[in-house]
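Q: Here's the letter readout for the chains.
There are 2 protein chains.
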Amino acid sequence: MEGPEEHGETSKAPLSRGASKGVSILDVILRFVAIIGTLASAIAMGTTNQTLPFFTQFIRFKAQYSDLPTLTFFVVANSIVCAYLVLSLPLSIVHVIRSRAKYSRLILIFFDAAMLALVTAGASAAAAIVYLAHKGNARANWLAICQQFDSFCERISGSLIGSFAAMVVLACQQFFLKIS
Amino acid sequence: MEGPEEHGETSKAPLSRGASKGVSILDVILRFVAIIGTLASAIAMGTTNQTLPFFTQFIRFKAQYSDLPTLTFFVVANSIVCAYLVLSLPLSIVHVIRSRAKYSRLILIFFDAAMLALVTAGASAAAAIVYLAHKGNARANWLAICQQFDSFCERISGSLIGSFAAMVVLACQQFFLKIS
Chain A
1 MEGPEEHGET
11 SKAPLSRGAS
21 KGVSILDVIL
31 RFVAIIGTLA
41 SAIAMGTTNQ
51 TLPFFTQFIR
61 FKAQYSDLPT
71 LTFFVVANSI
81 VCAYLVLSLP
91 LSIVHVIRSR
101 AKYSRLILIF
111 FDAAMLALVT
121 AGASAAAAIV
131 YLAHKGNARA
141 NWLAICQQFD
151 SFCERISGSL
161 IGSFAAMVVL
171 ACQQFFLKIS
Chain B
1 MEGPEEHGET
11 SKAPLSRGAS
21 KGVSILDVIL
31 RFVAIIGTLA
41 SAIAMGTTNQ
51 TLPFFTQFIR
61 FKAQYSDLPT
71 LTFFVVANSI
81 VCAYLVLSLP
91 LSIVHVIRSR
101 AKYSRLILIF
111 FDAAMLALVT
121 AGASAAAAIV
131 YLAHKGNARA
141 NWLAICQQFD
151 SFCERISGSL
161 IGSFAAMVVL
171 ACQQFFLKIS
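Chains as they are written, first to last, in the UniProt record's numbering: chain A, 1 to 180; chain B, 1 to 180.
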């Protein structure tokens, strides 16, 4: 099918061969960044717990991520995306060498879009709950729990950063993959 | 390779010209479905309110979407996506006629991905809050408000459907746009 180099594969890519290779290398680098982001988020959220020195009838003395189902979803979503990104890395490296590979690139684009949606869903659902933990809601009579669980709240807020960074990276990657 | 029109545009599209036109028509139809979904979601959520025949010190006698900031974000996100889809419709129709248009398609793919992320963020954040309204959270001492505000809860749960449908449609569309 290929001649000296992939002869017979026409391309509508607006980029030259060299630029396309550059984009492929960028793709690998961005994948690494997204792996670090999602992994850090999943670990930071998953290992959070805080035990208070006191407890009352209403406030539990220990807080961890599994107390809130949304935060569990956040950990699961980040883990899945991280695992996918690790598995997709070899394919992405192949694209650096065979810069005109067409169908394998389509597969990557498709799953990348699904993973973008998954990490967005996890991050924004968790952000909604973290916001509630910080601010509470007077109308629904949900009290902010961050006065009690201050270090727990700091950790769960911080762990959102990696996930949102991965979201931005995956969105950019979508675009780079398309133009390459 | 090309006919008299679009001379000089090569294509790596795996589809024939006829199939590509079919996909473009499908794209227009899916855009209509997504418009209806997001519009219905925004309206259903935005017009929800329930006034209780009684009130106590803690539970407010009137519930509407703006009581919960996340639901406000849901309405805004759905409105933005709906407006974008309406504006993108003419461009999408142009693609049915000029089925090899390249750069305008890239623009659509790029903004579609951004809108997919936005509608996903809105829908999943709202879903997290709606879940909390239904189930509450004993650990955080957040009580379910759906016992009181039953019709309010039904409406906000129902309004998620349109948004999630639009999400699925936009994700499919991403793929169709890429292979066309």
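Please keep in mind that the hints were generated in silico from the structure rather than gathered at the bench.
The structure displayed is predicted, hence computed values, not measured ones.
Careful, some of the hints might be misleading.
Identical chains share a label here; the pair holds if one copy fits it or two copies do between them.
[Unchecked claim] Computed cross-link-like contacts, BS3-like style, restricted to lysine-lysine with a CA-CA straight-line distance of at most 30 Å:
1. Lys-178 to Lys-62
2. Lys-135 to Lys-62
3. Lys-21 to Lys-102
4. Lys-21 to Lys-62
5. Lys-135 to Lys-178
6. Lys-102 to Lys-135
7. Lys-135 to Lys-21
8. Lys-62 to Lys-102
Q: One pair to classify: Lys-135 and Lys-178, alpha carbons no more than 30 Å apart. Within, between, both, or neither?
A: neither (40 Å within a copy, 42 Å between copies)
Q: How would you label the pair Lys-135, Lys-21 (within, between, both, or neither) given a Cα cut-off of 30 Å?
A: For Lys-135 and Lys-21, the Cα distance exceeds 30 Å both inside one copy (47 Å) and across copies (51 Å).
Q: Since the copies are identical, ignore which copy is meant and state whether Lys-102 and Lys-135 lie within 30 Å (CA to CA) inside a copy, between copies, both or neither.
A: This pair counts as neither: shortest intra-copy Cα distance 49 Å, inter-copy 47 Å.
Q: Pop the pair Lys-178 and Lys-62 into one bin, within, between, both or neither, using alpha-carbon distances up to 30 Å.
A: This pair counts as neither: shortest intra-copy Cα distance 47 Å, inter-copy 48 Å.
Q: One pair to classify: Lys-62 and Lys-102, alpha carbons no more than 30 Å apart. Within, between, both, or neither?
A: neither (52 Å within a copy, 56 Å between copies)
Q: Reference check for the pair Lys-21 and Lys-102, CA-CA at most 30 Å: within, between, both, or neither?
A: Both: 13 Å inside a chain and 21 Å across chains, each within 30 Å.
Q: One pair to classify: Lys-21 and Lys-62, alpha carbons no more than 30 Å apart. Within, between, both, or neither?
A: Classified as neither; 51 Å inside a copy, 59 Å across copies.
Q: At 30 Å max between alpha carbons, let me know whether Lys-135 reaches Lys-62 within a copy, between copies, both or neither.
A: both (20 Å within a copy, 21 Å between copies)
The structure is inconsistent with the numbered hints 1, 4, 5, 6, 7, 8, although it conforms to all the rest.
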